[in-house]
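Each residue of the sequence shown is one higher than the one before, starting from 1308 at the first, in our numbering.
Treat the hints with caution; some may be incorrect.
Claimed, not checked - Listed next, the in silico DSBU-like pairs over lysine-lysine satisfying Cα-Cα at most 30 Å (straight line):
no. : residue 1 : residue 2
1   : LYS1603   : LYS1545
2   : LYS1545   : LYS1556
3   : LYS1556   : LYS1600
4   : LYS1545   : LYS1596
Source of the hints: derived by calculation from the structure; they are not laboratory data.
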Amino acid sequence: MELIVAAFQHFFTWDNLILIPIGIIIGQVLGAIPGMSSMMAISVAIPFTYSLSPVAAVTLLMSFYKGALAGGSISAILLGTPGTVSAAATVMDGYPLAQQGKAGKALQTAQISSAFGSLFADILLLTLTGFMAQIALLLASPELLLIVMFALMTVGAFTAGNKIRGILSALIGIGLSLIGPDPTTGLPRYSFGIYELEESLPVIPVLLGLLALSEILYSVYKKQMQSKQGHLPPPQTKEDSRMTWQDFKNCFPTIVQSSAIGSFIGMMPGLGPSIGGFLSHREARRTAKQPEKLGKGAVEGVAAAEAGNNSVSGSNLIPMLSFGIPGDAEAALVMGALMLHGIYPGPQLFENNGPMVYGLFFSLIFSDLVLIIIGLWIIRYIAIPLTKIPTRWLYPLILVLMLYGTYGTSQNLFDLWLLVVFGIIGFLLRLFHFSIPALVIGFILGNQLEGWLQRTVIMAGDNPFELLLRPGIIVILGIFLVGYVMMKLVGKKVDQSIAS
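Based on the sequences and whatever the hints tell you, model everything.
Here is the structure:
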C-alpha cells in the first residue's frame, strides 16, 4: 500500500498533468506529417526534459512517441502515405476506406484502436516488468552476457538490409562504447588524444546524430520533403463519418488479438512497431469471417494495424526497465534520457527506485486515456490541414531543437561537433543499408557487455565449458532457440503480408 501511495505521488504532479496532453498533441501533429518519424518526435522532446523529474521526463518522451505513432495513421488514411513508418500497414485498408468516402470512420477506428493497443501494452508493462526484474536479479554474469549477445544479434538480423550488415552495425556500436576509461584500470583508451573523449562518448549527441539528424539528411537526399494533396469523396451517410457501436463490436476481438501480438513484438529486441502492424494485419486476415475484404477497405484491417503498432509503445520498455536492454531505438532514446537523470535501467531499478517506476507506469496509463480524447479532437478539426504541411518547414525547427538539446546537456561546443559527425555517419550507414537501431543498442549496451564478459571470464577460470552446464544457461539457450524459430516465422508472415 505504501508503494502505491508513493507511486501516485510521483505520478500526480502538475508536470505530468500538463506535459502529457502537450506531448501527445505535438506527437500527433508530427506523426501526421509524411516524412516525419517517431524518432524525430522524441528528439524534439529531449531538450525539454533536463529540468524535469525522471518520471515527468520519460512520460513526456513517451507521450511524444505515442502521439506520433497514432498520428501516423492520419496521413496513411487520407493520403495513402504513412506519416511514420509504423503506420505502413494502416494504408492497406485505411486509404481504400477514405476513397470510398469513409475517411472519418477509418480515422476514428485508427485513433480508438491506437489508444486501446497502447493501454493494453502499458497494463502489461505494469504487471510483467517487476516480475521480470526479479528473474533478472537471480541471473549471474554468464546469463546476462548471453541475453545481451542474443539481443544484439536479433536487432542486427532484423533491422538491416542483410544479417551481416546488421551484426556489423551492432559491433560498430560496441566499438564506440569502448571509447573512454578502461573499467579495470581506469585509464583512458581509444580517445585519440582528444581530451573530451577520455570520459567516453556522451550519449545524447551520439543518439540524436545517429537517429534524428541522419534521418533528416537522408530525407533531404531522397527529396521526401513535400506532402501530397489528397482529393477524397465526401461521406454518403452519417455512419460513413464515424466508428459506430456495431463497428466497435465487430473490431473488438481483432483489437485485443492485435494488441497482444504487438505487445509480444515490442518485447523482442529490434522488431519494432511496423512489424507489429503488418503481423497483426496478417493475423486479422487469417482469422476474419470475410478475409477477402481485408486489404480492400475493411474497418477491421485498420483496427488490426493500429492496435498492433501502438501496443509496441509500452511493451518495448519491458526489457529496458527489467534487464537494461532497450527493445528498439525509441526505447534506447528513453533509456538515454533516464541515464541523464542518474537512473540506470536494469534489475536493481525496482529495488532502488520502486515508487518512481510505478509512478511512471501510472503516468503512461493516464497518457493512453488522454491519447484517445486528443486523437478524436485532432481528426475532427485539424487532420486534413496537418497532412498538407511540407516537412521542409519543420526540419529547420527540429534541427535547432536538436542543437539546443545537445548543447544543453553539457554546455560544451564539442558535443555539437559530435552531433554533426554522427549525423553524417548515420546518413552514410543508412545509404548503405546498415542498421542504425543495432548500432545504437550496441553503443548503449557495450559497457555492460564488457563488464559481464570480464566477470564471466573470471568465473570460468581454466574450464570455460563448465559454464554451458549452468541451469540458467541451458534454460536461456532453450528460450533463444524457440525465440529464433518464432522470429523466423514472424519474418516470413510479415513478408507475405507486405507482398499480398
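Let me make sure I understand: some of the numbered hints might not hold for this structure. Which ones are they, in numerical order? Those not satisfied: there are none.
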